[in-house]
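Protein chains: 2
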Amino acid sequence: MNICIYAFLAGITSLLGSGVYTAAYPLHDVSSIFVRLLYEEWANYGVFYKYQPIGLVRKYFGEKIGLYFAWLGLYTQMLIPASLVGVIVFLYGCATVDDNIPSMEICHLRNNITMCPLCDRVCSYWKLSTACGTARASHLFDNPATVFFSIFMALWAAMFMEHWKRRQMRLNYEWDLTGFEDEEVSNNKTDHPRAEYEFKVMQKSLKKRQKSQDKIEKLTFQDRLPAYMTNIVMMLLMIGVTFAIVFGVILYRISTKAALHMSSSPITRNHVQLTVKTTAAIINLVVILILDEVYGAVARWLTVLEAPKTDKSFEERLIFKTFILKFVNAFSPIIYIAFFRGRLVGRPGSYLYVFDSYRMEECAHGGCLMELCIQLSITMLGKQLIQNNLFEIGIPKLKKLIRYIRSKQGAFQEEERQKKLTRYETDHFLEPFGGLTPEYMEMIIQFGFVTLFVASFPLAPLFALLNNIIEIRLDAKKFVTELRRPVAARAKDIGIWYNILRGVAKVAVIINAFVISFTSDFIPRMVYQYMYSPDGSMHGFVNHTLSYFNVSHFQDGKEPMDPSHPVVICRYKDYREPPWSNTPYELSREFWAVLAVRLAFVIVFQNVVMLMNDIVDWLIPDIPKDISLQMHKEKILLVELFMKEEQGKSYIIHSSTSTDGKENCSKHNNSKVAPPRSRRHTNSTKSF
Amino acid sequence: MNICIYAFLAGITSLLGSGVYTAAYPLHDVSSIFVRLLYEEWANYGVFYKYQPIGLVRKYFGEKIGLYFAWLGLYTQMLIPASLVGVIVFLYGCATVDDNIPSMEICHLRNNITMCPLCDRVCSYWKLSTACGTARASHLFDNPATVFFSIFMALWAAMFMEHWKRRQMRLNYEWDLTGFEDEEVSNNKTDHPRAEYEFKVMQKSLKKRQKSQDKIEKLTFQDRLPAYMTNIVMMLLMIGVTFAIVFGVILYRISTKAALHMSSSPITRNHVQLTVKTTAAIINLVVILILDEVYGAVARWLTVLEAPKTDKSFEERLIFKTFILKFVNAFSPIIYIAFFRGRLVGRPGSYLYVFDSYRMEECAHGGCLMELCIQLSITMLGKQLIQNNLFEIGIPKLKKLIRYIRSKQGAFQEEERQKKLTRYETDHFLEPFGGLTPEYMEMIIQFGFVTLFVASFPLAPLFALLNNIIEIRLDAKKFVTELRRPVAARAKDIGIWYNILRGVAKVAVIINAFVISFTSDFIPRMVYQYMYSPDGSMHGFVNHTLSYFNVSHFQDGKEPMDPSHPVVICRYKDYREPPWSNTPYELSREFWAVLAVRLAFVIVFQNVVMLMNDIVDWLIPDIPKDISLQMHKEKILLVELFMKEEQGKSYIIHSSTSTDGKENCSKHNNSKVAPPRSRRHTNSTKSF
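Chains as they are written, first to last, in UniProt numbering: chain A, 1 to 688; chain B, 1 to 688.
Treat each hint with caution, since some may be false.
Identical chains blur together in the list; that is why a pair holds if it fits in one copy or across any two.
[Said to hold, decoys possible] Taking lysine to any residue and the SDA-like style, the derived pairs with C-alpha atoms no more than 20 Å apart in a straight line are:
| hint | residue 1 | residue 2 |
| --- | --- | --- |
| 1 | K635 | D176 |
| 2 | K477 | Y39 |
| 3 | K625 | S313 |
| 4 | K506 | N613 |
| 5 | K309 | V85 |
| 6 | K635 | A491 |
| 7 | K506 | I615 |
| 8 | K312 | L619 |
Worth flagging that the hints you see were computed from the coordinates, not collected in a lab.
The structure displayed is predicted, hence computed values, not measured ones.
Next comes chain A alone, as it looks inside the complex (with noise of 0.2 Å):
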């Protein structure tokens, strides 16, 4: 493409900008071959087995859209050996359910244990032996299996990591776009700036013309800073309303919970913990979404305020802005979950109190990893189901009608009308097109699901590969379907997401080590089993992990009401000194000990999968050998043109020195162009 589709472009914008026109989009093209070809062998779900016909889809959409589809394509081929891991992961929790000593402790009845209360007043003692069911329904994920898997998933991400760059490779020698971003890049004359960016310098330089004749060109820093500052606040500002609703939920899980317990029905009573657990999950959920949306339009705003001079720019800064906060949103309630739930209870006699008269909700026996699980599989799979089938498919076709029925006022009958509207007028019923950010970033927050926390939850990457099965064909249909045909744009690689996805594997290494050390009972048990058990073996571990309280030292008003039962001493989930010790209720050696071991299994495993990942990627390498050998090839061609041109140095320095006068024009003209090679045709400029 030349200059003058450059300068027809730009002029289209600002035609756009300015409200003379209303839309422009090139047409879909369901004539063709290609259309036809895209709707049998990719927009359909008869074909989920199947490759994407990726060549296909880049000659249609350009290379952005394309290589966007090859990474969903790849990232879900390798969910395969992912989610077949994960399975048998939980099948082997599953099969090995009655061999868990701990959960056959707890169910058996002649271990009849004490607890004490949970909460203060209106609850009783109860016995730990009805605690059976989560027990044995925890180890499913709670196992040695998971620390395996763990790191499993961690090379995981490694090896996916390595393979795109491999198959991003591949596509630009393929698709010819070895050598193309650097013009784009560095080439400032390419980038044009935003209109939005030029509207404010002209206004500033409006303001200031009066005093000064200078011409103003950029904004500074000083011009920016009243947006930068907004934006830092207003980032702050919503990521504190994020945890504000986490709290909030907490406290509407406490409290709901202390007034279900007062019930007088033993039903409601028995039901209290499910019925809690589940409308909290749900709340949590329909909070994410809500916000989730809430939090795409904030990021847009601040990104628009703080003018961004290329689209380039303004992209990066949108993307980061929103990956941030939808981030927060998806995580914090789990984050909450793992790593402080049931850490901040205190203990009898001296319970921490929320607005003094909410104590601190601890975990069901089981540990907190089975609550942990319940609350991830809740929001990936809500989050999935809703976000993919009610937003993606359910309000794209109700836009679409209302567009229908706003524009004709439905007078015409349909099948008569779609045979008078010419092609245009069809494709302006379409939504547009909005940009591949949020399909990028549901697959991230995904990935996120995926990795992050996949010690506690190993059906993730099933969970997922099913999703994306569907997500990929869905996504087709709407591109080929429901959209607008998009303006075909190039693009080398897939940006800012690569780095995004590489934080989110490296911060996954590290909370997958806390994740299995803090809130998995994997250490504690290991800790029993090596050091404190008489035996060598398990049994005896539930009452090791259990201190004694005294009753007679509840603080006054906190005592059971229940009179039933003469308990002396009850027991709770901590390592403390007994009340018999010199320094009763305080943390025993044990705790310490059971810390240190928990402590240095995060530093082993931090460092020995980040060993192993540099392992990775230093045995895969970067470019494929087959290209790196035709590149090469291609390379020596080139040298060998150049060595002819040589030979003709006259002609070189004349037509050097005629082309420093016009620099500046015919550097447009040829920027875009790559040096022709030798055996393969560019088709760049068909799919536009």
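Given chain A's structure and the hints, the job is docking chain B onto it.
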């Protein structure tokens, strides 16, 4: 250079290999302005404060050696700020030595604590106040500023890497090497197989030819298996030897100490510590120096055995092996002192014995950091002084002398002979060039000293800086006057050394984290101050770190013979329960608490430093702005040239078909010639 030169060189190499010629080397060009400039501006101690004339070095010696000196120059330059900060940290330690409460408490006679004897039977109880000197001295290296300094040095290492990447890019551009490496690596035709490799292949094919008629072209994994096995076994054996020697030195230290303690002379006994420490450190140093030479030879022998295919692969394998052996050799005594010494002691009444009679050694009261510092400074200074001055200056001179005496038997008079000799005869008396590996290796080991244990020895960068200022000029003198002129070689980067540097810098982060948290007393002091101190100050810290021992619990025959003290309770440095608790002498709650905090510190330190490194990596672009702009401009010129070419398409088609036929011969001809740049001229052929 064209194919003729290559063929000529290959011929020379095989003639050298078969012993027809004894040596082949380019001649020193003493009469040229180059050499005179190099003498004056480079190989001269008087200009130590000036930048090196890298362009000249590259023109005379080739890119590979030029890059080495550029790297060495940047490293030395970067050491300046590091040494400055290191000196400030050291001075801070000196200035605050009198405000240090723990050492004040040790020195104060009022708290005159009776300590348990340091060896069995012959040693007596001792007063803590006698350790006053070491306690004060250890504060110099063990204060909060060292924590800051090790974070600083981790960032420094990251900055150094980034700066080197930029410098390398700039040199690549200025020396016209951009786009050179690709050809060198992937074009196997320029990578001639080594003569040794071809010889082995020939042997194999001769052996096989009797059975079958297939021509064997390369060695398979099976052919190499014996060599690989020998490699692995020998490497493990050598590492084992290093460990055995470290253990031997420990035994020497323990047994000498015991023997000297038994001596009747009080002067001898007073100087026990000093004598033993100094001799042991010197023995260690001597062993390191000898093994360094041995390991260099072993690594070369092993690599020859492996018969790598190309020179490049030979060099990389050799470097890798040498690096591992020398690194283990240089750092294993230091790692022992940092992480194991004083930790495997046992406790009074149940000490750990080696060979049933020698107690494991303890650290002096100030902690092991002091001893680590002594060992580090002796090893580093000794290595630098002896290896640089003795080996690098003395031995080449000696060799030159020997060669001179041997060849001429000293019959002629020196003066007369010098005049008569032609240049190639004079050069023949010079030492042959043995590659850059020893030079780089020396610097990498030094880089290890500067970064790995910097937490315990803040003056290391200063010593390295002083050494390197001399080293640059020493190496320069050696290259200009002592060595035969090396064959100029092209190189785009410093190759495997960059990866090794990165690896060392990564390991440095975790080692420093462990040194601060485990070797220094930083964490115990912090834990005491915030968890146990009654008034939040450091008063009472010394008492807190000492456990109680009831002397009646000594094993029979191990109690001190000296009857002068009526001692009931003695103290020892450890966190254990007192004799009157329920679990006497078991590790106490404090021990586990301190351990947990130490481990937590490692996690926090490592992750914070890694995050900061990532930020440095991200903030500093790899390619300097001006270079990338310049490269972009040239690319545009290149494209323009192509466009011109495009217009005369028929001409290209004609030429490409004609070159396809004679591809094999023309490839060599062209692959080494860079595309002609418009305004610069390539000088690389001149340097040959």
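Hints, one by one, checked against the model:
1. Taking the shortest alpha-carbon separations for K635 and D176, both the intra-copy value of 14 Å and the inter-copy value of 16 Å come in at or below 20 Å.
2. Taking identical chains as interchangeable, the C-alpha atoms of K477 and Y39 lie at most 20 Å apart only when both belong to the same chain, with a minimum of 8 Å there against 74 Å between chains.
3. Only between protomers do K625 and S313 lie at most 20 Å apart by alpha-carbon distance; the minimum there is 18 Å, versus 34 Å within a single protomer.
4. Taking CA atoms no more than 20 Å apart as the test, K506 paired with N613 passes in both settings, with 10 Å inside one copy and 14 Å between copies.
5. In the homo-oligomer, the alpha carbons of K309 and V85 never lie at most 20 Å apart, since the shortest distance is 47 Å inside one protomer and 40 Å across protomers.
6. Taking identical chains as interchangeable, the C-alpha atoms of K635 and A491 lie at most 20 Å apart only when they sit on different chains, with a minimum of 19 Å there against 22 Å within one chain.
7. Within a single copy, K506 and I615 get their C-alpha atoms as close as 15 Å, and across copies as close as 14 Å, so both meet the 20 Å cut-off.
8. For the homomeric pair K312 and L619, the shortest alpha-carbon distance between copies (18 Å) is at most 20 Å, but the shortest distance inside one copy (33 Å) is not.
Hint 5 from the earlier list is the only one contradicted by this structure; the remaining hints agree with it.
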